[in-house]
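Residue strings, one per chain:
Protein chains: 2
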Amino acid sequence: MVEEFRDLSRLSFNQMTAGKRGLREVVDACVCGGIPWIGPWRYAVGEAPAEAGRLIREAGLRASSLCRGGMFPAATAEERRKRIDDNLRAIDEAAAVGTDLLVLVNGPAPDRDIDGARRMVVDGIGEIASYAAECGVKLGVEPLHPMFAADRSVVVTLGQATDIASQFDSRWVGVVVDVYHVWWDPKVYAEIARAGERIFAFHVSDWIVPTPDMLMGRGMMGDGVIEIRRLRAATEAAGYSGPIEVEIFNEALWARPVDEIVGLVANSYLKVV
Amino acid sequence: MVEEFRDLSRLSFNQMTAGKRGLREVVDACVCGGIPWIGPWRYAVGEAPAEAGRLIREAGLRASSLCRGGMFPAATAEERRKRIDDNLRAIDEAAAVGTDLLVLVNGPAPDRDIDGARRMVVDGIGEIASYAAECGVKLGVEPLHPMFAADRSVVVTLGQATDIASQFDSRWVGVVVDVYHVWWDPKVYAEIARAGERIFAFHVSDWIVPTPDMLMGRGMMGDGVIEIRRLRAATEAAGYSGPIEVEIFNEALWARPVDEIVGLVANSYLKVV
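Residue numbers (the numbering used here), protein chains in the order written: chain A, 1 to 273; chain B, 1 to 273.
Hints are computed from structural coordinates only; laboratory data are not their basis.
Yeah, the Cβ is synthetic: ideal placement off N, Cα and C, and Gly gets one too.
One or more hints might be untrue.
A few chain B residues that don't get close to chain A, going by computed Cβ distances all over 10 Å [claimed, not checked]:
1) F5
2) R10
3) G19
4) W41
5) A50
6) L55
7) R80
8) A95
9) A96
10) S166
11) S170
12) D185
13) E260
Residues from chain B shown here face chain A by an in silico Cβ test under 7 Å; the list is partial [said to hold, decoys possible]:
14) C32
15) G116
16) P146
17) M147
18) A149
19) A150
20) R152
21) V156
22) Q160
23) W184
24) V209
25) D223
26) V225
27) E227
Kindly produce the complete structure, drawing on both the sequences and the hints.
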């Protein structure tokens with residue numbers, strides 16, 4: 001088993017862990033709390049990504065990723081084209097904000113044909129992969145928990161995400177391993193090993209029991225049942241040594257002052273991750 | 001694609017689809033509605049399983065399964081022993097009620113060691129399998145949806161359930177395929193084919209969007225996104241020709257008169273399954 005961390009050098013604070021607060025407030029809190037990385041969302045940087053990038057850099061932080069592109073499947077070719085265009089904009093925004101990684105949440109099926117929607121995901125990534133490479137932005141295919149299969153992502157296992165990523169250049173298309181989405185999978189350790197250098201990001205939070213809400217019920221690391229350190233060790237054995245992003249959607253957490261959230265995150269990271 | 005059914009000969013009404021009503025009321029409604037099979041629960045037959053069996057038989061129905069055994073993982077050897085004893089009683093009850101199938105919902109881990117809990121499931125089945133065979137009761141390992149991994153079942157995919165069942169005699173230990181639990185899985189069709197003769201039961205309901213509740217949010221067939229007929233066709237191609245049990249946990253449905261529920265189930269079965 002790997003040892004606990006002694007510093008915060010790999011810790012990234014996903015902006016959404018502080019709810020819908022503005023980027024500047026979250027950046028300031030990370031600086032005060034000694035967290036060196038931040039994971040911004042498009043809603044917060046979309047209008048002025050270069051300015052957001054400058055704000056992050058001038059505070060001495062680095063952006064570990066931009067959330068999020070994806071959402072490829074749609075009922076009509078025209079709508080799928082619009083989604084592609086939006087992903088191309090997201091790649092531009094990632095580059096402007098100064099991160100080398102766009103996280104892809106791939107979207108639900110427009111009808112009952114889940115396999116058809118899965119093909120649309122592969123087609124969509126195919127449409128944007130070379131532009132992403134030109135811009136120096138990697139694409140991270142994130143499998144979501146299967147409970148989101150009908151409304152957020154037809155990509156639901158790490159094995160499936162790796163199969164998709166493997167159809168593209170390993171330098172530019174990989175996977176995002178979020179413990180909340182993959183912890184239940186009997187094959188997760190085998191699939192982390194197989195993903196290897198395709199692992200572009202590692203996200204942590206916890207699965208609390210009972211789960212208060214499907215979307216907003218994530219817990220602070222240590223408050224739930226996920227073997228977080230074991231999963232971290234597996235990603236490291238597979239070769240991943242990048243930032244570890246804390247992404248917690250939880251309204252009770254969001255109601256706290258942002259400095260307190262940052263403190264809780266840093267403390268739990270050191271003890272549990 | 002297989003054709004729709006023209007009669008109800010394979011339809012089984014899982015008792016819980018009518019909520020916590022008594023067995024006699026549900027039996028009467030099935031008889032009136034022309035449904036030939038019923039799936040009783042232990043809470044309704046536990047005290048007097050032979051009497052329940054007689055009630056079902058004398059009404060002209062057959063019991064497709066008994067729900068449920070399992071719940072093997074526990075923190076202490078003593079508690080695990082108690083769970084084994086309870087499963088042995090469940091096997092007796094299944095035999096007394098006149099069904100040849102006990103459905104196993106295998107239980108959550110007592111701590112964070114999910115792999116350890118998975119070994120306890122295999123050990124538990126090992127402790128009861130020969131007694132089940134002696135009694136003429138098959139054991140159906142049911143994978144639950146991964147959203148139940150922390151509080152109901154460490155067995156979460158059909159592949160995993162088949163791997164577990166494959167450690168035992170194929171005549172007596174198999175799997176239960178419930179569309180609600182497996183529909184999201186990119187490997188579900190391959191795994192249905194692999195399970196083959198190990199498929200001991202096929203359960204249907206639907207995944208409605210948005211899901212109103214993790215436990216109580218199942219929908220009537222046709223109201224959601226699951227490709228039910230395609231899954232039915234896959235089980236038939238794999239060799240399954242037994243009863244098709246409708247199991248819907250939904251409080252809005254339960255609030256209706258039982259005859260109305262039975263009518264809705266029969267109608268949806270003919271149109272959608």
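- prompt: Taking each numbered hint in turn, which are not upheld by the structure, reported in ascending numerical order?
  reply: 12, 14, 15, 20 and 25
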